[in-house]
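Trainee: Sequence:
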Amino acid sequence: MSFDEALLESDDEELMWQERALCAQTDPEAFFPEKGGSTREAKRVCLTCDVRGECLEYALAHDERFGIWGGLSERERRKLKKRA
304 MSFDEALLES DDEELMWQER ALCAQTDPEA FFPEKGGSTR EAKRVCLTCD VRGECLEYAL
364 AHDERFGIWG GLSERERRKL KKRA
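304 is the number of the first residue of the sequence shown in this note's numbering; add one for each residue after it.
To be clear, the hints were calculated from the coordinates, so they are not data collected in a lab. From the three backbone atoms N, C-alpha and C, an ideal C-beta is built for every residue, glycine too. Check the hints yourself; a few may be wrong.
[Claimed, not checked] Listed below are the simulated DSSO-like cross-link pairs for lysine-lysine, each with C-alpha atoms no more than 27 Å apart in a straight line:
{"hint": "1", "residue 1": "Lys-346", "residue 2": "Lys-385"}
{"hint": "2", "residue 1": "Lys-384", "residue 2": "Lys-346"}
{"hint": "3", "residue 1": "Lys-385", "residue 2": "Lys-338"}
{"hint": "4", "residue 1": "Lys-338", "residue 2": "Lys-384"}
{"hint": "5", "residue 1": "Lys-338", "residue 2": "Lys-382"}
{"hint": "6", "residue 1": "Lys-346", "residue 2": "Lys-382"}
[Said to hold, decoys possible] Pair by pair, the computed Cβ-Cβ distance ranges are:
{"hint": "7", "residue 1": "Arg-381", "residue 2": "Arg-343", "range": "18 to 24 Å"}
{"hint": "8", "residue 1": "Met-319", "residue 2": "Lys-385", "range": "17 to 23 Å"}
{"hint": "9", "residue 1": "Gly-339", "residue 2": "Glu-317", "range": "29 to 35 Å"}
{"hint": "10", "residue 1": "Glu-337", "residue 2": "Ala-387", "range": "25 to 31 Å"}
Kindly produce the complete structure, drawing on both the sequences and the hints.
Mentor: Take a look at the structure:
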């Protein structure tokens with residue numbers, strides 16, 4: 304296995320949580336609302352999601368600036384990062 308293949312395999316394993324994410328079975332527009340739109344529906348889905356922690360970790364590590372990730376909005380994630 305080449306170095307590049309090993310990196311790709313590592314990335315695939317790292318993102319396997321996405322296959323178990325409840326948002327993958329839901330309307331994606333709920334997780335990326337228009338500016339000023341409601342985040343309530345997306346956050347309700349996140350509350351019962353088994354991979355909420357992995358999702359939030361991913362968003363923080365990759366500086367996701369849009370959407371609901373791990374049950375938090377971009378503003379909430381920014382505040383969380385400032386506290387850390």
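Trainee: Tell me, which hint numbers fail for this structure?
Mentor: Result: hint 8 breaks, nothing else.
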